[in-house]
Every structure is written in structure tokens, then in C-alpha cells.
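Order-wise, the sequence lines are chains A and B. Number 281 in the numbering used here belongs to position 281 of the first sequence; there are no gaps in the numbering. Number 397 in the numbering used here belongs to position 397 of the second sequence; there are no gaps in the numbering.
Bear in mind the hints are in silico, worked out from the structure with no lab data behind them. Note that CB positions come from ideal geometry on N, CA and C, so glycine has one too. Do not rely on the hints blindly, as some may be mistaken.
[Stated by the list, open to error] Covered stretches of chain A, going by a simulated chain B footprint (3 or more residues, C-beta under 8 Å): (1) 32-41; (2) 196-207; (3) 283-294.
Protein chains: 2
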Amino acid sequence: MLVSNPLAEMLDERIKSLDSTDPLRSFRSRFFLPKGVVYLDGNSLGALPVATAGRLQQVVNEEWGAGLIKSWNSHDWIGATQRVGNKIATLIGAKPGEVTVADSTSVNIFKLLLAAISNKPGRNIILTEAGNFPTDLYIAQGISGLFPNLNLLAVPGSKILEGINDQVAAILLTHVHYKTGYKHNLAEITRRAHQCGALIVWDLSHSVGAVDVNLAMAQVDLAVGCGYKYLNGGPGAPAFLFVAKHLQGQLRSPIAGWFGHAAPFEFSDEFLPAPNISRFLSGTPPILGLLALEVGVDLLMEAPLNAVSKKSQKLTALFIDLVESYCEEFDLEIVTPKNPELRGSHVSIKHEQGYAIVQALIARGIVGDFRSPDIMRFGFAPLYTSYEDVSRAVDILSDVMRTESWREFDTGIRDKVT
Amino acid sequence: MLVSNPLAEMLDERIKSLDSTDPLRSFRSRFFLPKGVVYLDGNSLGALPVATAGRLQQVVNEEWGAGLIKSWNSHDWIGATQRVGNKIATLIGAKPGEVTVADSTSVNIFKLLLAAISNKPGRNIILTEAGNFPTDLYIAQGISGLFPNLNLLAVPGSKILEGINDQVAAILLTHVHYKTGYKHNLAEITRRAHQCGALIVWDLSHSVGAVDVNLAMAQVDLAVGCGYKYLNGGPGAPAFLFVAKHLQGQLRSPIAGWFGHAAPFEFSDEFLPAPNISRFLSGTPPILGLLALEVGVDLLMEAPLNAVSKKSQKLTALFIDLVESYCEEFDLEIVTPKNPELRGSHVSIKHEQGYAIVQALIARGIVGDFRSPDIMRFGFAPLYTSYEDVSRAVDILSDVMRTESWREFDTGIRDKVT
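Here chain A stands alone, though its shape is the one from the complex (with noise of 0.2 Å):
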């Protein structure tokens, strides 16, 4: 920390202990990380990995450039999807061709979600949570406008459970809060649509690669996910989605694209669904965001089982308990919960400024993000964030709210995004 003190010097034997002993400190170094930044907004794009570039070369000059269409066979795009697929079934307990890589995670709630309802007829309830992450409440109200006899009932996260009734065809809810960092009860919620008959989907956006997930566990129905955040895919990257094995074969994809049929190079004139998760499939897969992707998967994989979540919930806690001690003064409200048990990788801090102080602190390379109105949001990427980064940020945190220096932000104009 700035002050130096004999409290100072013992905070920092602490941190270089808790760095020095990190079993996921070797990660570090396969990712680019520009000098004089500390970067935590992995949860909203994750940071390069080092191998991608050489990758995508790779994949432009010899699969595309040299391969050409014969690729799709002897570079085996064709298995792609599913491969890439299964990679990330490992990560969140899903079983091998459970999982695919497709579209966005937009219309990937689109497909699973109306799947669900279409398998739930004389339902006419698609439950979610108020202030849900944008465009799965805009994904659900667009569904909805579809069928006149389908209501969408948006509750308070805290008045999910007992919102779920036998009218329920489908719950779609997101794993990790976006703004709050709030964790929902996979288990428990899962269990509660079970009891009454209906299906849920679980947004994991905000948890592969950061938080623990295991679906088969919690017996979890459909997922989908984003492979630009803790996936470290790139942006934009494809997402990917889940579906139990026993539910497979029941559910059919609205959007019945060609990659979707049993037998797309059959050209045949009718639609006939793929007996397995590649139904679930629409057009030709995105195959240089993909096999970006797939390095960013294969990283994680490499990291030993729970170091990734363990890691997670000390770098979050480390953080809160540092702001809580050294900006204690200013007037910031931490709305992410401090039982480790309920929060997932990022911690947001509440505060009317947020816009301004989140300019200052990046103009000081302490990237985080603000989520309007007064949201500043800071992800802690296991893979590549350090202890000595969290500590860092607190530091010029403090001295941001202290010297006042997010006043000259204070401009009323915004960024598109930030």
C-alpha cells in the first residue's frame, strides 16, 4: 500500500505469500496482459491468451488458406462444435455430448427456452428474475410476444422459489448476478422446478471458468453460456449450451438449421432432427471463433480440479476485506455478498459516482467496468489475476476516493460501452 507502515509491510508479506503459494500462479504467463494494467474485467471480455495469435494463424494460413474447403474434413471442423463442446462439459460437470458451442448466448436462450416451453404445453408461465441480465429478460419478453396465451412473470431473486408453480413451463435464471455478483442455489432451485414440474435453464455466463458448477449434480435441465468472459475466447466469441441427455431427445430446436439435422450433407428436403445434442445446432459454426475459443477452454482445463473456484473466492475476498479496511472513509457500498457461498467471481461496489471513479481508476490502469446507474464492477479472473493485483487496485481505489480525482470524469458524457 501506499502508506508505509508496519501494518503496510505486514499486508504485503501477506499478499506476496498468498501469490507465491498460488497453485494457479504459473498461469500468469500464458496470457497477454498489457504492462501498467491491472485488469479486472475478465468477466466482461477475458483477457488473450498467448497461444491464441499463433492458433489463428494457423488456422487462417494452413486450414483455410492452404486446406481450403477440404478443411472442414482433414482439420476436422466438422467435429469442431462438439469437440469444443465436450472440453467445456468437463468444466461444469456435464457429461460428454451434453454440451455444443453455437451462436451467441442470446439465441441460445432463445432455442433452449422455447424448447422448454414447447415441451410443457397448458403451461403458460415463463418465470425469471427481475433485473436479470438484459437480453435474457429481452430474449423471454420476445418469446412471450410470440404466443399470445404465454406470460412472463420477472420476480425478485429472493422470491424465486416460491414464485415456481405448477403453471411454470420454464425458469430461466442467471447462475451469477451481472451486476450484483450474486449467486443463486443451482441446487436447490433446480430441485424446487423439478417438484413442480417444470424446466429451468441456467444462464452460466457469469461462472464457467470462475465459480464451481457442476450440472450433473444439481440434475440441472439446459444451460447456456458466454466464451468471452472467463472462457477467454475473444469477443464475440460463440457460446455454448447444455442439455441433460434424458431430455435430448424430447426438446427440439426452434431454429432448425442444417448444422441441427442427423444428416446435413444428405440435403435432404425434410428436417430431421440429430439424434443427439447437435440438434441444437442452426447454421455453419463461426470456425475462427471457435477454435479461438477452444484455446481459452483448453487453458482451464489444464488447471488442477477447484483451484479455479478456491482461487476465485480468495481473490474476492481479498478485495472486500481491502477495500473494507483502507476506503472504510468514502462512501462505498459493496453489494456483493461477503459469504463466499453466495457470491461468484466479481464484486461490485455501489456508489453515485460510479461512472467517474470507474474512468479515474482506469486512467490510473486499474481496468473495471460500471453498470448504470451507480455499479462499479470488479472480475477476478483466477487464470491471470494476482493477489498483488487486488491489492493494487485497493490501493488506487483509496487514493482515487481520497484525492477526489475522479472529479475531472465527472463529465456527464459516456461511453458506449465500458
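Chain A is fixed; fit chain B onto it per the hints.
Relative to the frame of chain A, chain B by itself:
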């Protein structure tokens, strides 16, 4: 040609003259074309532009790696869908703001076709062509399966005009047929659709970047197209969609993802569609694929107006002419129309041993493809295909037929994709 005689020499001179006076001849060196290969499958996967690898390295290292999250603004990722959309608009006779890049062709068909149907309550027919590209058929089947009163009618291409009546809500047609190369009269069918009060969705996948398309002149309502064929965007490149300006306010995408919101970064709970073409976006745009696609689109934009479609007609005419002259004795049926006004940029030949013949050609460096059960396709991408390529392809085809060298490939085993 292999046979050396005065006729062959005359042909040789003719080919040389065509190439040396080709206004597009300088474009060939802008693509990476493997040595010893005549690539006639750009209608399936376009060749790699030389500039793509460098651009992707820049995007990965500088924009994603060094710029991280701020590249959404500083490198204008946020504006990329609209920017590339506007460029594609110039290639298809659309106005700025009428085209955007999003998702796959399949997903875009789903969005526009369902939006069109929802705009025509009281009408209960989707009309399409039997034998249309499978994903078009499948998507339409999937949509009609969602709504019990909606019927999908697939009629032969020659019966489309008479099939349009006042019960038809929407028509889904592919401009250039993927198998036969037959090109529909876009303006005439669109006019008939409008006379009957129906909306029409044109799939331009086999047209854009190769044949003339003028959506404004034909007063087309809606269109989609593929990024990885003649646009040379790379395997699984994002697709595009077109919505005529006057329809944008009336139509809503059923997949109401956050990038289709009027203000995505307000993170409000209620979906409010963007007032413009962006309302047809769904999830986060696939930046790597989108910026790779832009390189291919930029190349096409450099080509003189109409030069591309003129060369397409000349290349296909030469191919047909040479096949008829030099392969007369073999049982090859050219199924693509000989009238240049009625065909796209690929020529299809029917032969019961089509699969084996295509394999034999590939073994000799002539890369076409095969479409079940008996169609060999040869695509002529005007930017990088030379007249010499055409001559060489027919030369080897006639040799393969004469020597029956295809027999060794008649194994009964077929690659998944060819």
C-alpha cells in the same frame, strides 16, 4: 488443352487474351491460392484474402490483447456490424442503414421470416421452393411447426409465380439455386409478391459477390446472405441481413437480444427495439469473424461496378462451352441454364458417378464439390478465378472421363463434407 493441334492453339490464344484483358486480373494476387490447385469451390468456401491474416493478427494482438475491453469503443467494435453492413449494402444495391451483419444465414432467415409472418396476421401460408437449400427449408419447417395454423407450401421453382396468392404471408426463396445454379427473376417474383400483399425474403447466399443484385430497384423487402462464399469471409463467417428502410419500423425480430435494443448499455429491464436495422441484431457480435469478413468485403468493393458479374457470366459461359466441346462423348449433363441471364456463378453437371469424378478431379488439383445424389458443382469466383483455370479444369475433366480414372474413387465411402 492436352491435345496439341491448331484448334488447341487457337483456344490457347483465346484464353490468354481473355486473361490479359480481364479488368479484374489484378485481384488474383490479392488471394492466397495454393500452388497446383484450380479452386472452383468458392461458392462453398471462398479463398483466403492475403490481407486477412495480418488484419486478424492486429485484431487479436492490438485490439483484443492490448486494448482489451476498451476496444469496443477505441477500435469501434461497437460500430462494426453497421460499418460492414453498409459496405455489403453497396454490393447488393441497398441503401446505407439497410444491411447489418449478424449470426448465421440460418438464424437470419429465422428472424426475418418470422418477423414477416408476424406482420401478416390472417395469412397462413409460407411459400418456398421445393429443393431450396436445406437450411431455408428446415428453418421454414421449424417456424411452421411453432404455429398450428401456419402451413409451409413448397412448390417447384417454375410454379412459384402462380403459387403466390392472398393467403401467402411470406415467401422464402434463394436467388441462385445452390444445386442447379438457376437464378430466379428477383424483380418479377418480388413484384408478384407485392401484388398479392405478401412479404418476400430473398436468400442471396449464392449471389452476393458474384452476380448482379439490385435490391432497391427490385423493391425487395427482406434478404439474407452468406459471408463465407463469394464474400471470402472465412469458414463460418457471420452472415448478413437486409431490411428495406420502410419496413424497419414495422418488423420486430423474434430473437430480441440485447444488441437489438435501442440502448443496450442502459441495461434496462424492458426491451425497446432499436429504431433502425440494429433491431435485427441479437447477441454480442462475433468480432473476430466480422473483422475477417470485412477484409473480403473491402476487396469486392474495390472491383469496378458490374465487372464482377460480367466476368462471372464469361467464366461460366467458357466453362459450359468447353465442356460441350471437349467432353461431348461422355455422359455429362449440364443442368445449369445456358442462358446467362438465368444462372449464377457456378455450373453444375449431372453424372451418376459424380462423387467419384469430383474426387478424381480433386486428386488432380481441380477442386469442385459434390451435391447428393449426382451433382458436381464448379464455382467461378470472379475475383480470383482465371480463364486459364477454366480451361485447365475442363482439360483435366475430359482426361478423367476419357481414362475413367474416377473408377478408383468409386469406393462407396463418402467424406462428410466435400
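Each hint tested on the structure:
A count of 5 residues in the region 32-41 of chain A with a Cβ less than 8 Å from any Cβ of chain B is obtained; the coverage claim is therefore met, three being the minimum. With 0 residues having a Cβ less than 8 Å from any Cβ of chain B, the region 196-207 of chain A misses the three-residue criterion, and the hint is violated. Evaluation of the coverage hint for the region 283-294 of chain A: fulfilled, as 9 residues show C-beta separations to chain B shorter than 8 Å, against a requirement of three.
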